[in-house]
Amino acid sequence: MAYLELQELRRAFGPVVALDGINVSMERGEFLSLLGPSGCGKTTALRLVAGFDRPDGGSILIDGKDLTRVSPSRRDMGMVFQAYSLFPNMTAEQNVEFGLRIRKNRRAARRKRVGELLELVGLGHAGKRYPHQLSGGMQQRVALARALAIEPRVLLLDEPLSALDAKVRVQLREEIRRIQTQLGITTLYVTHDQEEALSVSDHVAVMWSGRIEQIGTPSEMYSAPATPFVAEFIGTMNRLEAVVLDGESGEVEHAGTRLTVDAARGRSRGERVLVLVRPELLELEPSTNGVGGDNNLTGEVSTHTFLGSVTRLKILGREAELIADLPTARVDSLPVGLPVVAHVPVTGTRLLSLSEGPASDGLDPGDR
Amino acid sequence: MRRRWIAPSAVVWLLVAAAFFLIPLIALLLFSLKSIQTGKCCSGAAYSYVIDDPQFLDTIRLSFQLSLETIAISLLLFVPTVYWVHLKLPRFRPVLGFIALVPFVVPPIVLVVGLLDLYKGAPEWFYAKPYGFLAAAYVILAFPYMFFALDAGFRSIDVHTLTEASQSLGASWLTTLVRVILPNIRVAALGGSFLTLAIVMGEFTMASLSAFRTFPTYIQLVNESQPYAAAALSLLSFLIVWVAMLALLFVGRGRPRPAQLAATR
Amino acid sequence: MHQPYLDQYWLTIKISLITAGAGCVLGLAIAYAVIREGTPRFLRTILTTFSGVAANFAGIPLAFAFIATLGTIGIVTTFMRDHLGFDPYAHGFNLFTQTGVELTYMYFQIPLMILVIAPAIDGLRQEWREAASNLGASSWQFWRHVGIPVLLPSILGAFILLFGNSFSAYATAYGLAGNGVFLIPITIGFYYSGNVLSDPHLAQALAFGMFVVLAVMMLLYIPLQRRSARWMR
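Protein chains in written order, with this note's numbering: chain A, 12 to 379; chain B, 932 to 1196; chain C, 9 to 241.
What the hints contain is simulated information worked out from the structure, not anything from laboratory work. Quick caveat: nothing in here was measured; it's all calculated off a predicted structure. Just so you know, even glycine gets a beta-carbon here, dropped at the ideal spot from N, CA and C. Be aware that one or more of the hints could be misleading.
[Claimed, not checked] Pairwise CB distance ranges, derived in the manner of DEER restraints:
(1) A:VAL28 to B:GLU1095: 41 to 47 Å
(2) B:SER1103 to C:LYS22: 52 to 58 Å
(3) C:GLN134 to B:THR1092: 27 to 33 Å
(4) B:TRP1015 to A:GLY135: 44 to 50 Å
(5) A:GLU291 to B:TRP936: 49 to 55 Å
(6) B:TRP936 to C:SER146: 16 to 22 Å
(7) B:ARG1117 to C:GLU45: 27 to 33 Å
(8) C:VAL33 to B:GLU1095: 43 to 49 Å
(9) A:ASP336 to C:GLN134: 25 to 31 Å
(10) B:GLU1155 to C:VAL33: 55 to 61 Å
(11) B:TRP1015 to C:VAL33: 37 to 43 Å
[As the list claims (entries may be wrong)] Facing chain C, a subset of chain A residues (Cβ under 7 Å, in silico):
(12) THR79
(13) PRO83
(14) TYR95
(15) PHE98
(16) ASN100
Could you put the whole structure together from the sequences, leaning on the hints where they help?
Pasting the structure below:
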């Protein structure tokens, strides 16, 4: 039974359509991220859920009840803003206590709860400090504690980590996830950082131009993107434009080379498609070791990018630039300038249709 | 709450404000249109009296010249000063801010009394024409507004980065000031200038006490003999200055920064 | 210090306190109304430029305008008399008294407040309003717990500025009441350039007294400025 539901939510600002009828359905205790580039509508959607804006169409339901007309102060949701949301005239403790004071809880109960929450976010010692005396990361922790203090039905986070340092970001996102799991609170998270979304969410919804391109688990999004946009946005992908030659054997032609990929089976001849290959699946060999062979693309190594345990190689192919991720140890034998052969695996690749119409592969975006 | 429409309470307050501020101006207008014979509406006699009176133009011209002089001296004095303070002496800023408040809060009366005392030994020409003594006094009077306007302007730009970039490219201090800094605080400087204009065009106390014939003293003179004409004059003075202020919007372009204070009483 | 002068100081202080207080409250309400979300931007520009002019309009022209409005044959007075059957002058109102002066002073006190408090209102982040609402607070609760406390140093600073402004006002009161309302600045001017009783030294002494009052106010202003700067980071 869905706990939080967005149904056909629409919002336009004059001629600009920020949200074009989106549908989302969340279970109780689920962590869902709205992921997408700036302007895709994810923050608009979040603000509609919070009540700071009214949709032009559609509805928002919690536990079956329609919230669309309820004012934000009555929705019982906790929100963490991107920055600057702590009240500057109050200490951390007073900030966290605020929601409880409004609800007229007894002072002793309030103090206790505030103490617990500050401990939970790791700031038990900093309660008496003012926001301007706290670092960005600490401020966001206080903001989180403040939102949780009122025991909200839903927790909403609007790019809470964007304004923080890289290291703090990684640390804090893990903590947010830990706390969320511990408290079992339904959470809607907005971000433009795909790594962030994939690492902490139960489900991810990729948005673009006011629409949801795809909703799925992080691994689904990564290995089985449903549209070219999602494939482009999530992780890195090699995208090979090709034409189907034979739908039975799965043969396609890319840049004058014939490739056989399982994913092309069942396609019609002449169909224009996109073959998607993950960098870690592309095998490289110096091209002197056996010319040709099946499913091979030729090219020359153009750059090495050191990423730690893995090194990313860029290969200049005939039509496109290819990206291959290899264990760093192997990379010395493939220096820049070397002609190489890249082997496209028969299985493990994805295929997307480039013609008009909904995305292929039986996975409809926007529904679950 | 990103409201789409104006809040009802805002409407109420704005209507109240509009009424309070506009009614006296309308009263002035109606008064100025009264004819001397019937004592009722409507006659342009007051306006023609004003416009025909040579003193009208003379005093406006004098006041206007005084404003320009005050503005020029103020900018020349204060722009480099505020720039320097922002760049090299940030700790001095609050002190300067405090000093800036003194002329604002000190009554013109006291100021005149004090200044006349101070300038006792000054040469004849300083006293004779208003350009000397009165301009000096007006620069002091306008200092707070100039300062706060310029201060806000300097705060909104990154003075250090701009200066360092300019100098690393080989510019001298003067070049930096004139070609890099000045254009970036143009709006603030304009704001301060227009407020100075408003101040000088409306300043009565010091001008009358030092017996110079500026526009506001002329208005008072007319007031004593021709009330309807005085009403016309008052209205004209308001409109002239408001138009000058609105000119700021077009000349300055971009968002004007009206973080300035106001003047006379 | 002679009694009549003490009375005048006191009267001037009283008028200044009243106009400063009223100016603060009304100026804040109007400034907020024009700056807040939902109000069209151009209204703010109009109000700001108007305030710039109105705050300096003080003096003879302003006195004139108010005489034309609320004087014995002013348009509002006659309107009330002829159309509402209510004669304010018969009920004790008189433009040429303390109340009249106060009312007239509002014409430049309110715009001054608007100009001074606008940057502070700009500094009230939208996120605070939204966060408060999200946590269950009503509009009034937001103002009480967050809005006013954050604005308070600026408001108090503005109050002091308005006080000084009113205390030093000369031209307007002169134009209104001539020698009818006894304010210190007028008295000083009277003695300094007076036709009958010229006594520059007395003028200077009285001026010094004004200066003392204002200096005290200024000293109160400094810690307030520091406070408000701290929060508006």
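Verification of the supplied hints:
no., hint, in the structure
1, A:VAL28 to B:GLU1095: 41 to 47 Å, "holds, 45 Å"
2, B:SER1103 to C:LYS22: 52 to 58 Å, "holds, 56 Å"
3, C:GLN134 to B:THR1092: 27 to 33 Å, "holds, 28 Å"
4, B:TRP1015 to A:GLY135: 44 to 50 Å, "holds, 47 Å"
5, A:GLU291 to B:TRP936: 49 to 55 Å, "holds, 54 Å"
6, B:TRP936 to C:SER146: 16 to 22 Å, "holds, 20 Å"
7, B:ARG1117 to C:GLU45: 27 to 33 Å, "holds, 29 Å"
8, C:VAL33 to B:GLU1095: 43 to 49 Å, "holds, 46 Å"
9, A:ASP336 to C:GLN134: 25 to 31 Å, "violated, 43 Å"
10, B:GLU1155 to C:VAL33: 55 to 61 Å, "violated, 37 Å"
11, B:TRP1015 to C:VAL33: 37 to 43 Å, "holds, 39 Å"
12, THR79, "violated, 16 Å"
13, PRO83, "holds, 5 Å"
14, TYR95, "holds, 5 Å"
15, PHE98, "holds, 5 Å"
16, ASN100, "holds, 4 Å"
The structure fails to meet hints 9, 10, 12 from the earlier list, while all remaining hints are met.
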